[in-house]
Structure formats: structure tokens, C-alpha cells
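Participant: Sequence:
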Amino acid sequence: MVYIAWAFSSDETLFSLGISYFPSRYWAVALPAFLVAIMLCVLPALFAVTLSLTRPLTSLDLVFDEHTKPPVEKVHPDALAPLYDIPLSVVNELMYDHAHTDSRAAWS
33 MVYIAWAFSS DETLFSLGIS YFPSRYWAVA LPAFLVAIML CVLPALFAVT LSLTRPLTSL
93 DLVFDEHTKP PVEKVHPDAL APLYDIPLSV VNELMYDHAH TDSRAAWS
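In the numbering used here, the protein residues as written are 33 to 140.
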């Protein structure tokens with residue numbers, strides 16, 4: 033708010049308020065322009081870095097990695113089933129095998 037008040041008030045108004053030292057009016061235009069220019073450079077740079085760090089589609093790290101949780105074989109009947117990663121073969125069967133008319137039947 034102080035920045036906007038300084039940018040839009042005249043020098044006489046600031047002097048009448050007892051403010052005798054303030055930056056050049058150049059900075060009222062330059063500061064927002066610099067911030068916009070920085071954002072226009074930083075956002076594409078972050079996007080490029082993210083793309084460069086993404087694994088290729090042929091990488092097996094997209095299927096299995098150190099955080100993969102296999103399904104648990106035995107679970108107590110009254111307990112909630114723990115979270116696990118759905119195997120890729122099951123996903124492919126449900127999505128691309130048109131022999132199953134009801135996709136929920138494969139889960140039961």
C-alpha cells in the first residue's frame with residue numbers, strides 16, 4: 033500500500049506529509065517491469081529444468097522404483113487393506129483388454 037501511495041501521489045503531497053526523502057519516480061515504473069521480466073524468464077527456465085529432469089518414457093523407473101509397494105498377501109479380515117501400487121499388468125488388462133465387460137470384476 034505504501035508503494036502504491038508513493039507511486040501515485042505528487043511530490044507536493046509527500047512534502048506536505050513531512051516526507052522529504054523518497055526514491056526517484058523511475059523506480060515506480062522500473063520495479064514492476066523488472067519483476068515481470070524476471071517472472072517471464074524464471075517460469076520457462078523452471079519448466080525447462082523440470083522437463084530435463086523427467087525420466088524418458090522407456091525408463092523402467094516409471095514402472096518400478098525404490099518406493100514401489102507391492103500388494104500384501106495376507107490381511108486380517110477386519111483390518112483395512114494397506115495401500116499399494118497396482119501392478120502395471122493389472123492396469124493394462126483393465127484398460128486395454130476388451131474381453132472384460134465389467135472392469136470391477138477383475139478387482140473382486
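Just so you know, the hints here were simulated from the structure itself, not pulled from any lab data. Note that the structure is predicted; figures quoted are calculated from it, not measured. Hints are supplied without guarantee of correctness; some may be wrong.
What the hints assert, rightly or not - The calculated lysine to aspartate or glutamate pairs, modelled on DMTMM-like cross-linking and capped at a C-alpha distance of 25 Å, are:
#	residue 1	residue 2
1	K101	E125
2	K101	D117
3	K106	D117
4	K106	E125
Participant: Are there hints from earlier that the structure breaks, and if so, what are their numbers?
Facilitator: none
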